[in-house]
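J.: Input sequences plus hints: build the corresponding full structure.
Residue numbers (the working numbering), protein chains in the order written: chain A, 1 to 290; chain B, 1 to 290.
Some clues are possibly wrong.
[Stated by the list, open to error] Okay, derived cross-link-like pairs now, DSS-like style, lysine-lysine, Cα gap no bigger than 30 angstroms in a straight line:
id: 1; chain 1: A; residue 1: Lys62; chain 2: A; residue 2: Lys43
id: 2; chain 1: A; residue 1: Lys242; chain 2: A; residue 2: Lys219
id: 3; chain 1: A; residue 1: Lys260; chain 2: B; residue 2: Lys96
id: 4; chain 1: A; residue 1: Lys106; chain 2: B; residue 2: Lys96
id: 5; chain 1: A; residue 1: Lys209; chain 2: A; residue 2: Lys260
id: 6; chain 1: A; residue 1: Lys209; chain 2: A; residue 2: Lys250
id: 7; chain 1: B; residue 1: Lys212; chain 2: B; residue 2: Lys260
id: 8; chain 1: A; residue 1: Lys158; chain 2: A; residue 2: Lys40
id: 9; chain 1: A; residue 1: Lys96; chain 2: B; residue 2: Lys260
id: 10; chain 1: B; residue 1: Lys209; chain 2: B; residue 2: Lys133
id: 11; chain 1: B; residue 1: Lys128; chain 2: B; residue 2: Lys43
id: 12; chain 1: B; residue 1: Lys106; chain 2: B; residue 2: Lys43
id: 13; chain 1: A; residue 1: Lys284; chain 2: A; residue 2: Lys212
id: 14; chain 1: B; residue 1: Lys284; chain 2: A; residue 2: Lys260
id: 15; chain 1: A; residue 1: Lys260; chain 2: B; residue 2: Lys260
id: 16; chain 1: B; residue 1: Lys54; chain 2: B; residue 2: Lys139
id: 17; chain 1: B; residue 1: Lys205; chain 2: B; residue 2: Lys250
id: 18; chain 1: B; residue 1: Lys139; chain 2: B; residue 2: Lys205
id: 19; chain 1: A; residue 1: Lys106; chain 2: B; residue 2: Lys54
id: 20; chain 1: A; residue 1: Lys284; chain 2: B; residue 2: Lys260
id: 21; chain 1: A; residue 1: Lys213; chain 2: A; residue 2: Lys139
id: 22; chain 1: B; residue 1: Lys106; chain 2: B; residue 2: Lys205
id: 23; chain 1: A; residue 1: Lys96; chain 2: B; residue 2: Lys106
id: 24; chain 1: B; residue 1: Lys284; chain 2: A; residue 2: Lys54
id: 25; chain 1: B; residue 1: Lys106; chain 2: A; residue 2: Lys54
id: 26; chain 1: A; residue 1: Lys43; chain 2: A; residue 2: Lys128
id: 27; chain 1: A; residue 1: Lys287; chain 2: B; residue 2: Lys260
id: 28; chain 1: B; residue 1: Lys96; chain 2: B; residue 2: Lys260
id: 29; chain 1: B; residue 1: Lys287; chain 2: A; residue 2: Lys260
id: 30; chain 1: B; residue 1: Lys242; chain 2: B; residue 2: Lys284
id: 31; chain 1: A; residue 1: Lys133; chain 2: A; residue 2: Lys242
id: 32; chain 1: A; residue 1: Lys96; chain 2: A; residue 2: Lys158
id: 33; chain 1: B; residue 1: Lys106; chain 2: B; residue 2: Lys128
id: 34; chain 1: B; residue 1: Lys133; chain 2: B; residue 2: Lys242
id: 35; chain 1: A; residue 1: Lys284; chain 2: A; residue 2: Lys96
[Stated by the list, open to error] So the derived list for chain B, only partly shown, Cβ under 8 angstroms to chain A, looks like this:
id: 36; residue: Ile24
id: 37; residue: Pro26
id: 38; residue: Val35
id: 39; residue: Tyr49
id: 40; residue: Met78
Treat the hints as calculated values from the structure; they're not laboratory data. In this text, all values refer to a predicted model and were calculated from it rather than measured experimentally. Using N, Cα and C, we set each Cβ at its ideal position, and we do this for glycine too.
Number of protein chains: 2
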Amino acid sequence: MKLHYKLSVVFLLLLVFHLKAQQIEPYKPVSSVAVTLYSKVLKEYRNIYIHYPKLDSANPDKRFPVLYLLDGESHFDMLSQYTDYLSRWDVNVIPKMIVVGITNTKRTRDLTPTESIINYFGQPDTVKNSWMKPSGGNKLFLQFIHEELMPFIDANYKTQSFKIFGGHSFGGLATINCMLTHPEMFDAYIAISPSLWWDHEYILKLADKKLKKGTAVNKILFYSDASEGVSDKSTYHTNLLKFDSLLTAKSLTNLPHLYKYYPTESHMTSPMSGYYDALRFIYKDWKEPE
Amino acid sequence: MKLHYKLSVVFLLLLVFHLKAQQIEPYKPVSSVAVTLYSKVLKEYRNIYIHYPKLDSANPDKRFPVLYLLDGESHFDMLSQYTDYLSRWDVNVIPKMIVVGITNTKRTRDLTPTESIINYFGQPDTVKNSWMKPSGGNKLFLQFIHEELMPFIDANYKTQSFKIFGGHSFGGLATINCMLTHPEMFDAYIAISPSLWWDHEYILKLADKKLKKGTAVNKILFYSDASEGVSDKSTYHTNLLKFDSLLTAKSLTNLPHLYKYYPTESHMTSPMSGYYDALRFIYKDWKEPE
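T.: What follows is the structure, encoded as structure tokens:
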């Protein structure tokens with residue numbers, strides 16, 4: 001009887017261990033939501049991903065800067081992880097922030113500043129259903145962000161006024177266009193491998209016109225390019241060098257800016273280094289408030 | 001009646017739009033699980049995070065390399081995102097892989113190769129409940145990985161034989177110790193800011209003893225350090241330079257290795273650059289099989 005009792009306990013323990021050894025639960029690394037918003041400006045539904053920091057129970061009213069990120073479907077996970085890691089208590093080199101990933105519907109339409117069918121090679125793209133069509137809707141898209149998305153985010157999350165606008169490729173074209181045409185919208189702009197080739201370098205001409213020599217810009221700007229392009233004469237790199245020279249020639253004040261060239265990275269890998277360096281640059285003098 | 005009908009439709013549409021505008025769902029960026037395993041070797045439960053790539057329905061039997069990662073609670077999200085992004089179809093510079101994040105119970109015990117109370121300053125840490133105690137359990141911990149964790153992963157996931165072992169700080173000490181004492185366990189080793197200062201540079205002496213001059217190692221190795229340490233004479237940097245010189249002096253063959261020094265990074269930010277550079281280095285010649 002005693003042995004039987006002992007064996008039962010052993011059997012029960014083995015069963016518990018066996019069950020425990022199989023215990024598998026879903027892992028939840030981040031707290032994020034996917035929101036569907038109807039935009040009256042764009043007359044369509046837009047899917048937005050929102051990542052918000054874990055609230056600090058000792059400081060529940062703390063407010064956070066917001067990073068508005070283009071190509072949300074591509075880079076939202078990256079920026080959620082970057083901002084979470086870099087703002088951890090034991091890393092703590094940037095503040096905790098809200099990441100708003102805007103996903104695309106008609107990407108070329110929303111992210112380009114002008115209507116154009118001139119492709120990367122400077123030739124007209126005359127294909128009927130060209131990926132370049134429609135284009136030139138960036139003004140309306142920025143209006144959607146300004147008048148609809150930002151009020152939604154501010155109404156639903158604990159936001160600070162400090163806002164960052166980040167984009168890659170056409171997204172980088174859009175963030176620079178925003179800085180030139182609506183500088184009041186954001187405090188810092190990130191342009192990773194911006195497609196400055198768009199419409200015969202339209203943005204370079206716009207920058208030359210809009211940025212008045214010797215004036216204060218009061219913005220933070222990061223831009224970068226990589227080994228990209230189809231010939232030895234990389235249009236990305238050539239144009240980024242032109243943009244960088246233009247900023248220098250204008251002798252602008254209060255425009256902390258950093259240009260990074262990543263010769264060992266490609267058009268698609270460079271966002272990993274670019275967004276990292278951009279966040280570190282924007283917050284290079286940041287210190288946790290006491 | 002007609003007007004009433006029209007107004008009802010308008011009202012219904014407005015209601016639908018209003019409801020849609022509020023539609024908020026949880027966002028699920030990755031498919032990962034948290035597993036609790038009982039280790040007979042360590043006589044305790046261990047929590048393991050496992051991230052696996054989205055299966056390709058056209059190729060359901062595809063098998064994946066596995067990255068075993070120390071300090072899972074700190075770096076599992078990072079490596080899940082890195083491996084996902086870098087293996088995306090439109091980035092595609094590394095293969096899709098499984099990430100196994102091993103979380104800590106008694107970190108110093110598991111990750112250190114010897115029992116020691118000699119601290120970073122070369123002084124004995126005589127505090128009764130010192131964070132340095134207990135130590136020296138890395139051999140048993142590697143046995144747990146080899147005999148219990150690896151068989152569990154291989155039994156439950158579509159694994160290839162190629163395995164990577166990644167660690168930071170004490171974790172980097174552990175991965176180098178593994179390469180020296182159980183080189184058969186992994187194909188590639190990552191040591192980000194390894195704590196080579198441990199026990200009067202025990203690992204440097206072990207490396208000198210174990211690595212025979214002119215022999216083939218048949219492993220891939222990445223190691224790095226940053227601006228870390230408490231004096232101008234950074235013990236991390238000094239020791240990494242010694243380790244790097246030792247490898248050079250040994251004239252080892254078939255040991256592709258990369259040493260990176262990140263002077264603008266700190267002990268806690270360097271994993272972001274280090275793990276990125278390590279993955280790119282390990283797979284620098286990788287091409288998607290046809």
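J.: Tell me the hint numbers this structure goes against, listed in increasing order.
T.: 1, 16, 24
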